[in-house]
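Model the placement of chain B on the given structure of chain A, informed by the hints.
Number of protein chains: 2
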Amino acid sequence: MKKHNFYAGPSILSQYTIKNTADAVINFADMGLSLLEISHRSKEFQAVMDEAQQLVKELLEVPEGYSVLFLGGGASLQFCMIPFNLLKKKAAYLDTGTWAHNAIKEARIFGDVDVVGSSEADGYTYIPKFEVPDDVDYFHYTSNNTIYGTEMRYDPDVKVPMVADMSSDIFSRPVDVAKYDAIYAGAQKNLAPAGVTIIIVKDEALGHVDRVIPTMLDYRTHVKKGSMFNTPPVLPIFSALQTLRLYKEMGGVKVLEKLDLDKAGKLYEAIDSSRMFTGTVTNPADRSIMNVCFVMKPEYKELEPEFIKFAGERGIVGIKGHRSVGGFRASLYNALPMESVDALVEAMADFQKKH
Amino acid sequence: MKKHNFYAGPSILSQYTIKNTADAVINFADMGLSLLEISHRSKEFQAVMDEAQQLVKELLEVPEGYSVLFLGGGASLQFCMIPFNLLKKKAAYLDTGTWAHNAIKEARIFGDVDVVGSSEADGYTYIPKFEVPDDVDYFHYTSNNTIYGTEMRYDPDVKVPMVADMSSDIFSRPVDVAKYDAIYAGAQKNLAPAGVTIIIVKDEALGHVDRVIPTMLDYRTHVKKGSMFNTPPVLPIFSALQTLRLYKEMGGVKVLEKLDLDKAGKLYEAIDSSRMFTGTVTNPADRSIMNVCFVMKPEYKELEPEFIKFAGERGIVGIKGHRSVGGFRASLYNALPMESVDALVEAMADFQKKH
Chain A
1 MKKHNFYAGP SILSQYTIKN TADAVINFAD MGLSLLEISH RSKEFQAVMD EAQQLVKELL
61 EVPEGYSVLF LGGGASLQFC MIPFNLLKKK AAYLDTGTWA HNAIKEARIF GDVDVVGSSE
121 ADGYTYIPKF EVPDDVDYFH YTSNNTIYGT EMRYDPDVKV PMVADMSSDI FSRPVDVAKY
181 DAIYAGAQKN LAPAGVTIII VKDEALGHVD RVIPTMLDYR THVKKGSMFN TPPVLPIFSA
241 LQTLRLYKEM GGVKVLEKLD LDKAGKLYEA IDSSRMFTGT VTNPADRSIM NVCFVMKPEY
301 KELEPEFIKF AGERGIVGIK GHRSVGGFRA SLYNALPMES VDALVEAMAD FQKKH
Chain B
1 MKKHNFYAGP SILSQYTIKN TADAVINFAD MGLSLLEISH RSKEFQAVMD EAQQLVKELL
61 EVPEGYSVLF LGGGASLQFC MIPFNLLKKK AAYLDTGTWA HNAIKEARIF GDVDVVGSSE
121 ADGYTYIPKF EVPDDVDYFH YTSNNTIYGT EMRYDPDVKV PMVADMSSDI FSRPVDVAKY
181 DAIYAGAQKN LAPAGVTIII VKDEALGHVD RVIPTMLDYR THVKKGSMFN TPPVLPIFSA
241 LQTLRLYKEM GGVKVLEKLD LDKAGKLYEA IDSSRMFTGT VTNPADRSIM NVCFVMKPEY
301 KELEPEFIKF AGERGIVGIK GHRSVGGFRA SLYNALPMES VDALVEAMAD FQKKH
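Residue numbers (this note's numbering), protein chains in the order written: chain A, 1 to 355; chain B, 1 to 355.
Next comes chain A alone, as it looks inside the complex (with noise of 0.2 Å):
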């Protein structure tokens, strides 16, 4: 039966990504090698990693002076580099959930953080209004929660630079990099295998802090050695690059919005036309098109665990929501076809029938 992948992440991957990941994991580049035993400073990976870095500058048009790294290590690593190395004195943070808490933990070992806006006390339904002051060194949000379904589509307007996790939702709409010092994403949702963070990084925002930074941990490390100063995680490259191949086939990030906007709306219509299925997220406009979060209404909150099963009966799979949201959750990434949401919208439709 054919499965509609709906989990948070690791998360669907297109077929050309897959189809050809297991190809070069039996021979590579024609080297009679297989991906997984071939030398990452051979010329056939050096060219991965060129196209790669490429692609990701062309399809979000990173302007001059800004590297693209790709790193081991997660996005949750990510929550201590930025602040070894970007942190002078204080910074601002947005606290929109999960992820954004654990990054301000992490930014709190460096200098002072200012909290500028928090939905935690409401659980995370919105995106909080903020005002970021005009002293501190840099002001980071999380793009997109994947765990709460909400999104900030949209590059705010500060005076200061930004710094911004987009792991869950980059590559679905063009991004004004000039506006950011860096920009850094996990790669297991809208782009390759668990593995790899993708890092956008402004030369010119390096090297201003007191501290000694470790070596692996200082951006300067990677931008020098073009993201090879180690063995860097070379299948999650490889499929990496795959889907950015795709994306530019495509018709790049502009195209991919469009998709995804499609598919977001057409669930988001089943969901509030329901009478059984409301959405978690209290402001609309906040809500995220790679993460829609919904529940059953409190009349049929008992039949959840039922409709994971009937839906999981049609191939329906990743569609139990966080623990700390309960419910549903479908992931709309990328590469999910509108052929799976058709599939979950209907199976809703047909559940509410049968009750």
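Zero decoy hints are in this set.
Since the list can't tell identical chains apart, any single copy or any two copies may satisfy a pair.
Pairs of lysine to aspartate or glutamate residues, derived as EDC-like cross-links and limited to a Cα-Cα distance of at most 20 Å, are as follows:
1. Lys19 - Asp30
2. Lys248 - Asp176
3. Lys309 - Asp30
4. Lys43 - Glu313
5. Lys320 - Glu44
6. Lys309 - Glu44
7. Lys2 - Glu44
8. Lys159 - Asp112
9. Lys179 - Asp155
10. Lys3 - Asp30
11. Lys3 - Glu44
12. Lys2 - Asp30
13. Lys354 - Glu306
14. Lys353 - Glu299
15. Lys248 - Glu51
16. Lys353 - Asp342
17. Lys89 - Asp135
18. Lys90 - Asp218
19. Lys159 - Asp135
20. Lys353 - Glu313
Because the hints were derived from the structure by calculation, they are not lab data.
Just chain B now, kept in the frame of chain A:
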């Protein structure tokens, strides 16, 4: 043409590991989903993680009270994580090559470092004599020096806990783990594709430093969460499990050691009995069984590039020596079959006949 893969790392993996990984990239654990797109929180991946940790414990006879972690970021990240977590005042380090040197550099950020021995002045061509004082927090050494072809094939007898970087020779001999506070190893030599590092850490050794450790760099974070605090590098861990299963099936590390000794023995014999080639390690007892470094004698020196070409025509790849040593380096990791050593030895003999 069949390739004989002598790369130093990432390097040859067994066909068993490669084939099973390629299959799982198409369909993992009969889930109808790719290994690239499944949740690390799925019970199917949790089973992979659990078995991989268990097999490391079994193969290396890890005593109670130790945890096994699979982290991203590379062994180079461990150069700072080790002192972050374990260096209270002073540590002893042995300087046996580039990686040892890099580890020393990072440790100095965190405390006093007593370099108890170094062969740097002699181009790292042997393992220096050393004595470890009793008043250090730990003694750190690099068991195998990939670039220089030297190896410490034993667990040193010192009066303090040890920490070892076993990146390039783990699973090539039994290890007395009880002597160590931590053992770490980038997996891309004897285990898995690049992107994951194994850490075997003594639980009781943690929590004794005064400094604040960023969450992701604190081993306790990962110990507490069974190496699943954040999204782990899923595919490299799956591949590691395949290799570990194979190692168990083959009979464990003692069997692997015997095979490795036989392979290295044959190649060193060919070098020592040759009129054209000579080993670069000055003390035969320090010769690595993982990375065999050799050059052409002065009178044949200019033939080195020709031999690389000559061997390449027979499918022999990856034998170019590191630029800091020159000549040749044949890496004989666990997955390399004797047949490949035979091919290299034959190429050496045939080349000598020609000249």
